[in-house]
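K.L.:
These protein sequence lines map, in sequence, to chains A and B. All the letters of the first sequence, read from the start, carry residue numbers 1 to 407 under UniProt numbering. All the letters of the second sequence, read from the start, carry residue numbers 1 to 407 under UniProt numbering.
Keep in mind that the hints were calculated from the coordinates and are not lab data. A few of these clues could be false.
Claimed, not checked - Lysine-lysine pairs mimicking DSBU-like chemistry, simulated, CA-CA at most 35 Å apart:
no., chain 1, residue 1, chain 2, residue 2
1, A, Lys38, B, Lys38
2, B, Lys38, A, Lys75
3, A, Lys401, B, Lys75
4, A, Lys75, B, Lys401
5, B, Lys75, A, Lys38
Being a predicted model, the structure only gives us computed values, none of them experimental.
Number of protein chains: 2
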Amino acid sequence: MTPEQLDAADPLAPFRDRFALPEGVIYLDGNSLGARPKAAAGRIAQVVEREWGEGLITSWNAAGWIEAPRRIGDKIAQLVGAGNGEMIACDSTSVNIFKTLCAALSLTPERDTILSERGNFPTDIYMVQGIEALTGRRIRQQLVEPGEVEGAMGDHVAVVLLTHVHYKTGRMRDMALTTRLAHEAGASIVWDLSHSAGAVPVDLTSAGADFAVGCGYKYLNGGPGAPAFLFAAKRHQQKVMPALSGWFGHAEPFAFDDQYRPAPGVERFMVGTPPVLGMAALEVGVDLFLEADMAQVRSKSLSLSRLFIERMKPLCAAHGFQLASPELEAERGSQVSYRHPQGYAIMQALIARGVVGDFRAPDILRFGFTPLYTSHVEVAAAVDHMAQVMEGGEWDRPEYKVRAAVT
Amino acid sequence: MTPEQLDAADPLAPFRDRFALPEGVIYLDGNSLGARPKAAAGRIAQVVEREWGEGLITSWNAAGWIEAPRRIGDKIAQLVGAGNGEMIACDSTSVNIFKTLCAALSLTPERDTILSERGNFPTDIYMVQGIEALTGRRIRQQLVEPGEVEGAMGDHVAVVLLTHVHYKTGRMRDMALTTRLAHEAGASIVWDLSHSAGAVPVDLTSAGADFAVGCGYKYLNGGPGAPAFLFAAKRHQQKVMPALSGWFGHAEPFAFDDQYRPAPGVERFMVGTPPVLGMAALEVGVDLFLEADMAQVRSKSLSLSRLFIERMKPLCAAHGFQLASPELEAERGSQVSYRHPQGYAIMQALIARGVVGDFRAPDILRFGFTPLYTSHVEVAAAVDHMAQVMEGGEWDRPEYKVRAAVT
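Next comes chain A alone, as it looks inside the complex (with noise of 0.2 Å):
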């Protein structure tokens, strides 16, 4: 079938409606900022000129901020198979991640290593050399490669870390069969579901899954820096004490008692107020989401990604492009990732073309697909301006060279 046969047939193409894009921008970039819902825009101004400017401090009850969190987790929940009262939206993935691990590491305090993938995203790496550092290296980190993670499980492992997704190369894992594995060595698992949520099918209460956490900014097109999220299988939940005990993970936070008492549930993993803002602009994203089904979402994905690896070929035959994401649909997330020596040049000629994927150090390209928004068309398209970006070596200039602050 053609590009435009593809999105004739598509069932998703109505939601496209529902994103504001910018006219002239094939925006593949969905993995690193999701789009803006159009909805969006009219939410946060009700709740800066209704909600905070006239409601004021009684909208923490009259309008719903304080349940915020939960109710978003329990939306979240539903895209990644996670049970009501298993989830919270709150502070960044990274914070997050400290607290998960922290959780985890109380479930099994005679085990002293958390293991991990080289190459992981390296947030989730940092937070563990935090932990080192703060625990007067008590526990260790364990890096290797990622194809010998479960081999390494042995019986000093307390925790499993991993990104069910990876950052990079888009790479998927087996998510039962690796919490399976994790599980008869004794250890915990806390999975990274930045780059899975609302991506691809996730079934963490299948799989088995201790803790997770995620963003909320990438394909769930929560905005920038929108809130993340927090996974805590409930039979885990009473047996671990915050780390990040603040007040509002607190049972009583308005008794304003002197004795941290945990939250009985999911909420005692919060910790300061609530982000209002970015609450009201995750939850818009996440309610499209809820409206549109996950099989579909996962069958569009590979079609747009297999689209992009077939035309992309011969431009790997002749420019030297390395695919760095799996060959086999399986195992490949909602992106397709190339290595190639100029990556950095190729991608800011492409951005000025208005092809707007990543880079990644030290040399891959990145294109995300997000079902939501992306065509077929589009996705040809995209093909054909890094054809003419390479025949011409339009990359080859000077300013495509310049690294900015954020790549």
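Once you've looked at the hints, dock chain B against the given chain A.
P.N.:
Just chain B, lined up with the frame of chain A:
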């Protein structure tokens, strides 16, 4: 002078028009959630529609999102006597308490105690209790009566954690004196400025403070759940390994290296991706304060609280209110509190009349005075309402005794 005369002579009076306040409300709760600057609506709409919607990922560089935590931090620094490069806007106050406590603890590893006062703001104390649990009680909390803090600064004390202006009583500590005593005892000090920034003059530098945290959504008018701020004196920054070692605190976040290397300056205390919407609203509030003269703010604050206390005296005598805030102006923050056994119901009756203060368990009625938008006429009118609530027994209704989730 009459309230009308005081208002006529008020140099800050023009600021009132910069805030959106609902008709018919006397808002004396800006110490809990600051009112909305009118400019916030337009600025946030710009972030949502133009920067997120059109700029998308490029706005991290092009719209200055990446610099916001440091840029806003440097602005707040001007309000509390900190230097450039000593403050960032980030996370919640609670999370920042954890970060600064861990940093302070690492300066004196041979000591084991965090000293604070009973009845400190709960989250301050709770975060210490989490550190106790996390360190297997290697680090311990010592809570003493407010007047006994200085006397308890023994050589076991690693860190003194104090709130500058108490959230219930509004009592203000002598920051310079207490900091000096802590240093003489070999401890470092973490100041919570949640009820100070934008409320009273603060000079962290001349006091020699080590670390500080504070809240963006109270007197700074940064919006509900606004990002908090964190201060680390320059002399300490290089010495401490952040406990929450996230990618945004890395020296080169976009190098995506496996090894955490903290940023050279205060940026190392950043953790995850900054909440852009919340940052934008906070900056509007802070910018407004940069236009004001803090000496005038203080002078008007005392003028407002003096009027309130004076007019409340007959009600204290007739209805059993007890002033919970210092009579001495040098010790008074920008709020006045009264104890009353029926405090909760009385506050609900006041709110029903459009006089919005708040209640803090078990028996405190709080009234915040925000000199940028509160007038003397409003303060006098608030007391008149209070008189009517008490004289008619208006507070004594069942519906005023049902506790809401947030008080």
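K.L.:
If a hint holds in the structure, say so; if it does not, say that too.
P.N.:
Structure-based check of all given hints:
1. Proximity of Lys38(A) to Lys38(B) is assessed by CA-CA distance (about 23 Å); at most 35 Å being required, the pair is judged to hold.
2. A distance of roughly 32 Å separates the Cα atoms of Lys38(B) and Lys75(A); the hinted pair therefore holds under the 35 Å criterion.
3. Between Lys401(A) and Lys75(B) the alpha-carbon distance is near 33 Å, which keeps this suggested pair within the 35 Å criterion.
4. For the hint linking Lys75(A) to Lys401(B), the alpha-carbon distance of about 33 Å falls within 35 Å, and the restraint holds.
5. With a C-alpha separation of about 32 Å, the suggested pairing of Lys75(B) with Lys38(A) holds against the 35 Å cut-off.
In terms of the numbered hints stated before, the structure departs from none.
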